[in-house]
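K.L.:
All chains, full assembly: derive it from the sequences and hints.
If you count by the UniProt record's numbering, then the sequence shown holds residues 1 to 267, one letter each, in order.
By construction, these hints were calculated from the structure, which means they are not laboratory data. Don't be surprised by glycine CBs; every beta carbon is placed ideally from N, CA and C. Any given hint could be a false lead.
Cβ pair distances, simulated, as ranges [what the hints assert, rightly or not]:
hint, residue 1, residue 2, range
1, 65, 225, 28 to 38 Å
2, 65, 90, 45 to 55 Å
3, 122, 152, 17 to 27 Å
4, 139, 91, 22 to 32 Å
5, 91, 111, 23 to 33 Å
6, 92, 231, 14 to 24 Å
Restricting the straight-line Cα-Cα distance to at most 25 Å, the calculated cross-link-like pairs of lysine-lysine (BS3-like) are [said to hold, decoys possible]:
hint, residue 1, residue 2
7, 206, 237
8, 99, 70
9, 61, 89
10, 139, 123
11, 121, 77
12, 242, 206
13, 255, 237
14, 121, 152
15, 103, 89
16, 109, 99
17, 77, 57
18, 99, 121
19, 109, 77
20, 123, 152
21, 123, 137
22, 89, 99
23, 152, 255
24, 103, 88
25, 64, 99
26, 236, 206
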Amino acid sequence: MMFDEMTMCGDMNFFSAPLGEKDVAVSQSEAEATVEDDYTDEEVDVDELERRLWRYKMRLKRLKEQHKGKEGIDIAKQRQSQEQARRKKMSRAQDGILKYMLKMMEVCKAQGFVYGIIPEKGKPVTGASDNLREWWKDKVRFDRNGPAAIAKYQADNLIPGKNDGCNNIGPTPHTLQELQDTTLGSLLSALMQHCDPPQRRFPLEKGVPPPWWPTGNEEWWPQLGLPKDQGPPPYKKPHDLKKAWKVGVLTAVIKHMSPDIAKIRKL
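P.N.:
As C-alpha cells, then:
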C-alpha cells in the first residue's frame with residue numbers, strides 16, 4: 001500500500017512539474033516543423049512561389065531604401081555639424097582679432113585699424129575702428145572688392161579658384177618644370193601636331209616657326225626665369241630643346257589649345 005502511494009505521488013509530481021525552457025523550445029520546433037510539413041511541394045505551386053518571391057523582393061527594396069535614407073540623413077547631419085563648427089571657429093577667430101586690435105589701440109596707441117577675412121564659403125567678415133569704419137565700408141567696400149581682387153589675382157597668376165571648372169587650364173611654368181625632360185618632349189611632340197595650324201606645315205629645315213610658337217614677349221614668359229637677352233626658343237624638334245625651352249613651348253601650346261580642352265584630353 002505504501003508503495004502504491006509513493007508511485008502515485010511520483011506520477012503526480014511528474015505531471016505537475018513545470019516545463020523547462022528546453023522542453024518549450026523543443027515543442028515550438030516540433031510545431032514549426034509540423035506547420036512546414038503541411039506545405040508540401042505538391043500543394044505550393046509556381047504562382048504561389050512567385051508571389052512570395054515578389055513580396056520578399058518588395059520588402060528587401062523597402063529595407064534598402066530605408067537604410068539608404070538613413071545614411072543620407074546621417075551625412076547631411078554630419079555636414080551641418082561641420083559647417084556649424086566652422087562658423088563657430090570663425091566667430092571665435094573674429095572675436096580674437098577684434099580683441100587684439102582694440103588692445104593695440106589702447107596699449108600701443110594705434111590710431112585706427114581695419115581687417116577683412118574672405119572665407120571659402122559665406123560672406124566676407126570685416127571690421128574697423130570708429131574713425132575708419134565709414135571709409136572702410138563706403139570707399140574701400142571690402143565685402144565686394146575683396147573677392148573681386150582675389151579672383152583677378154588668381155586669373156593673373158593662373159591659380160585655379162574654387163569655382164573654376166575644367167575649361168580653365170593654365171599651367172604655370174613652375175608646375176611643368178616638375179615633369180621629367182623626356183615627358184615634356186613627348187607631350188610637346190603629341191600636342192604640336194594638333195595645333196592650328198599644325199606643325200607639319202612649317203618644316204623645321206626652313207626655320208620659320210608657326211604662329212603659336214612662343215616669341216618670348218608673352219606676359220607669362222618671365223616666369224621661366226630665363227635671361228631677357230636670351231631671346232625666344234629656337235625652332236627645333238621637341239627633344240632637341242633644352243628643358244627650359246620645352247617648358248616655354250609647351251606652355252604656349254597648351255594656352256593656344258586651351259579653348260578646345262576636349263581635344264587635349266583625348267590626346
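K.L.:
Indicate, hint by hint, whether the structure satisfies it.
P.N.:
Hints versus structure:
Judged by the Cβ atoms, the range 28 to 38 Å given for residue 65 and residue 225 is violated: they are separated by roughly 59 Å. Restraint check, residue 65 to residue 90: a C-beta distance of roughly 37 Å breaks the suggested window 45 to 55 Å. Between residue 122 and residue 152 the Cβ separation comes to about 21 Å, which falls inside the hinted range of 17 to 27 Å. Judged by the Cβ atoms, the range 22 to 32 Å given for residue 139 and residue 91 holds: they are separated by roughly 27 Å.
Roughly 27 Å separates the CB atoms of residue 91 and residue 111, a value that falls within the hinted 23 to 33 Å. Checked against the hint of 14 to 24 Å, the pair residue 92 and residue 231 fails, with Cβ atoms roughly 56 Å apart. Of the pairs offered as hints, the one joining residue 206 and residue 237 holds, with about 13 Å between alpha carbons and a cut-off of 25 Å not exceeded. Distance restraint check for residue 99 and residue 70: the Cα-Cα separation of roughly 43 Å exceeds the 25 Å cut-off, and the hinted pair is therefore not satisfied.
In summary, the hint linking residue 61 to residue 89 is not supported, as the alpha carbons are separated by about 42 Å, beyond the 25 Å threshold. With a CA separation close to 18 Å, the supplied pair residue 139 and residue 123 stays within the 25 Å bound. Restraint check for residue 121 and residue 77: the C-alpha separation of about 18 Å stays at or below 25 Å, so the hint holds. A distance of roughly 21 Å separates the Cα atoms of residue 242 and residue 206; the hinted pair therefore holds under the 25 Å criterion.
Of the supplied pair hints, the one linking residue 255 and residue 237 holds, its CA atoms being roughly 19 Å apart against a limit of 25 Å. Restraint check for residue 121 and residue 152: the C-alpha separation of about 18 Å stays at or below 25 Å, so the hint holds. This hinted pair checks out: residue 103 and residue 89 have alpha carbons roughly 21 Å apart, not beyond 25 Å. Annotation: proposed proximity of residue 109 to residue 99 holds, straight-line Cα distance about 15 Å (limit 25 Å).
The straight-line distance between the Cα atoms of residue 77 and residue 57 is roughly 30 Å, outside the 25 Å bound, and the hint therefore fails. Restraint check for residue 99 and residue 121: the C-alpha separation of about 24 Å stays at or below 25 Å, so the hint holds. Distance restraint check for residue 109 and residue 77: the Cα-Cα separation of roughly 47 Å exceeds the 25 Å cut-off, and the hinted pair is therefore not satisfied. A distance of roughly 18 Å separates the Cα atoms of residue 123 and residue 152; the hinted pair therefore holds under the 25 Å criterion.
Taking the CA atoms of residue 123 and residue 137, the gap is about 14 Å. The hint holds against a cut of 25 Å. With a CA separation close to 15 Å, the supplied pair residue 89 and residue 99 stays within the 25 Å bound. For the proposed pair residue 152 and residue 255, the alpha carbon gap of about 18 Å is at most 25 Å, so the pair holds. Straight-line distance between C-alpha atoms of residue 103 and residue 88 comes to about 23 Å, which keeps the hinted pair within the 25 Å bound.
Distance restraint check for residue 64 and residue 99: the Cα-Cα separation of roughly 52 Å exceeds the 25 Å cut-off, and the hinted pair is therefore not satisfied. Of the pairs offered as hints, the one joining residue 236 and residue 206 holds, with about 11 Å between alpha carbons and a cut-off of 25 Å not exceeded.
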